[in-house]
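Novice: Chains as they are written, first to last, in the working numbering: chain A, 1 to 374; chain B, 375 to 483.
Note that these hints are calculated values from the structure, not bench results.
Among these hints, one or two may not hold up.
Simulated coverage check for chain A against chain B, where a stretch passes if three residues somewhere in it have a Cβ under 8 Å from a Cβ of chain B [what the hints assert, rightly or not]:
id: 1; segment: 152–165
id: 2; segment: 193–201
id: 3; segment: 206–216
id: 4; segment: 276–289
Cβ atoms here follow ideal geometry from the backbone N, Cα and C, with glycine treated the same way.
In case you want the letters, here they are:
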Amino acid sequence: MKYIDEFQDPGLAGRLLDEIRATVTRPWALMEVCGGQTHTIIRHGIDQLLPDEVELIHGPGCPVCVTPLEVIDKALEIASRPGVVFCSFGDMLRVPGTGRDLFQVRGEGGDVRVVYSPLDALRIARQNPDRQVVFFGIGFETTAPPNAMTVYQARRLGVRNFSLLVSHVRVPPAIEAIMRSPDCRVQAFLAAGHVCSVMGTGEYPELAERHRVPIVVTGFEPLDILEGVRRTVRQLERGEHTVENAYPRAVRPGGNPSARAMLDDVFEVTDRAWRGIGVIPDSGWRLSARYRDYDAEHRFAVSGIDTREPAACRSGEVLQGLLKPHQCEAFGTDCTPRNPLGATMVSSEGACAAYYLYRRLELPAPSREGSSVV
Amino acid sequence: MCLAVPGKVLAIEDRDGTRMATVDFGGVVKEVCLEYLPDLRIGEYAIVHVGFALQRLDEESARQTLELFENLGMLQEEFGDPWEQAAAEAHGPEPVGGDTGTAAREVRP
């Protein structure tokens with residue numbers, strides 16, 4: 001049971017599982033919002049350890065996956081232009097646009113560079129004043145503050161050859177959209193811990209009340225996930241719907257105030273398209289008016305790109321929890337990490353990639369009764 | 375990219391008016407911006423995401439998480455060479471063996 005051996009405290013994991021088993025009396029569907037949580041769940045087989053009544057549905061919380069194809073194509077267009085240094089996090093390199101990806105653009109001579117931090121891109125801009133340096137600014141509330149700070153610093157330092165291709169997204173409007181879907185089966189949410197490290201928990205009580213849905217802020221380690229499930233199931237069984245913080249070591253109620261202030265200064269809320277899902281109102285950020293000079297879309301006037309989604313890719317349904325990855329006909333045949341049809345397969349945080357890489361293919365399902373496994 | 379990793383502050387300096395730290399992530403040392411946690415001190419731990427300290431963390435929690443990430447190979451994934459990883463994905467064999475499984479066709483329903 002190698003997956004179980006990786007638990008930090010197998011004894012505690014066992015006790016959490018026992019308590020969940022003792023609490024649950026009927027079927028419940030929980031959505032983990034964050035792709036990092038999906039990764040942990042599949043890697044450790046947590047979905048198979050839980051009682052049959054508890055179903056985990058994978059949410060849209062993979063920043064790479066939800067970046068719209070149109071934005072990927074704009075990135076490819078900008079990265080191909082002469083005189084441009086295009087900087088990105090490494091996990092965007094193989095996300096397919098219409099026909100190619102950043103990895104291929106680099107092979108064709110484009111100056112594509114991988115950075116660890118957006119500040120690295122700003123440093124490249126200062127070192128290369130005769131080049132235009134563009135940073136690919138994707139991600140949720142966790143990644144937006146670093147990118148906001150970088151734009152703020154660019155303006156403060158008078159760096160004019162730096163710009164941001166922005167495709168930031170926000171979690172609460174996505175939860176709202178999921179709950180409003182007529183096909184929604186989700187009865188509770190494990191909220192993304194690091195998003196709440198920045199934003200705090202203040203955005204969630206209204207959502208929990210309006211949709212009568214428990215929301216438990218949850219971390220990323222196996223024990224964090226089990227604790228999130230335990231608290232969520234306890235609320236569901238009691239008919240409660242409150243916001244709980246099961247990740248207090250990293251989440252304060254008010255989040256990180258200086259990061260939130262910077263977000264308010266540099267960005268403004270806007271409608272944004274999510275790949276495979278469509279436009280969700282108020283679900284993203286764009287640069288606010290006083291930082292518009294740093295918007296790569298304006299600087300490079302990228303428009304009129306012919307964007308085509310692969311017809312066989314059903315990642316939109318996967319991202320909304322309507323389809324499990326292996327229920328897609330292309331899964332593992334026409335779509336693999338080497339030849340991905342969509343971002344959910346190429347991103348290491350994507351649900352399809354997690355299923356492909358970590359499904360316990362060589363192992364039988366762990367015994368649900370045997371406390372020996374934990 | 376989504377991964378936020380705990381790290382220990384080794385040194386702090388002002389660079390071009392920006393508060394920066396040298397941070398140790400279980401052996402990998404990186405430069406980290408402290409503008410969002412300006413009162414973080416040398417010897418303290420924080421959760422770091424894409425080069426920014428976002429929230430203070432107690433030492434025990436940080437140590438446990440780092441050990442887990444190291445055992446799972448997640449630190450290599452976060453700090454390893456992204457071009458090598460992309461090339462391996464693009465041209466290398468399909469992932470086999472270990473906990474990556476052997477063939478998608480065998481995935482349990």
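Novice: Next step is simple, just say for each hint if it's right about the structure.
Specialist: The hints, checked one at a time:
1. With 3 residues bearing a CB less than 8 Å from a CB of chain B, the segment 152–165 of chain A meets the requirement of three and the coverage assertion stands.
2. For the segment 193–201 of chain A, the stated coverage by chain B holds: 3 residues have a C-beta nearer than 8 Å to a C-beta of that chain, and at least 3 were required.
3. Three residues within the 8 Å Cβ limit are the bar, and the segment 206–216 of chain A against chain B gives 0, so the coverage statement is violated.
4. Counting residues of the segment 276–289 of chain A whose CB lies closer than 8 Å to any CB of chain B gives 0, which falls below the minimum of 3, so the coverage claim is violated.
In terms of the numbered hints stated before, the structure departs from hints 3 and 4, listed from lowest to highest.
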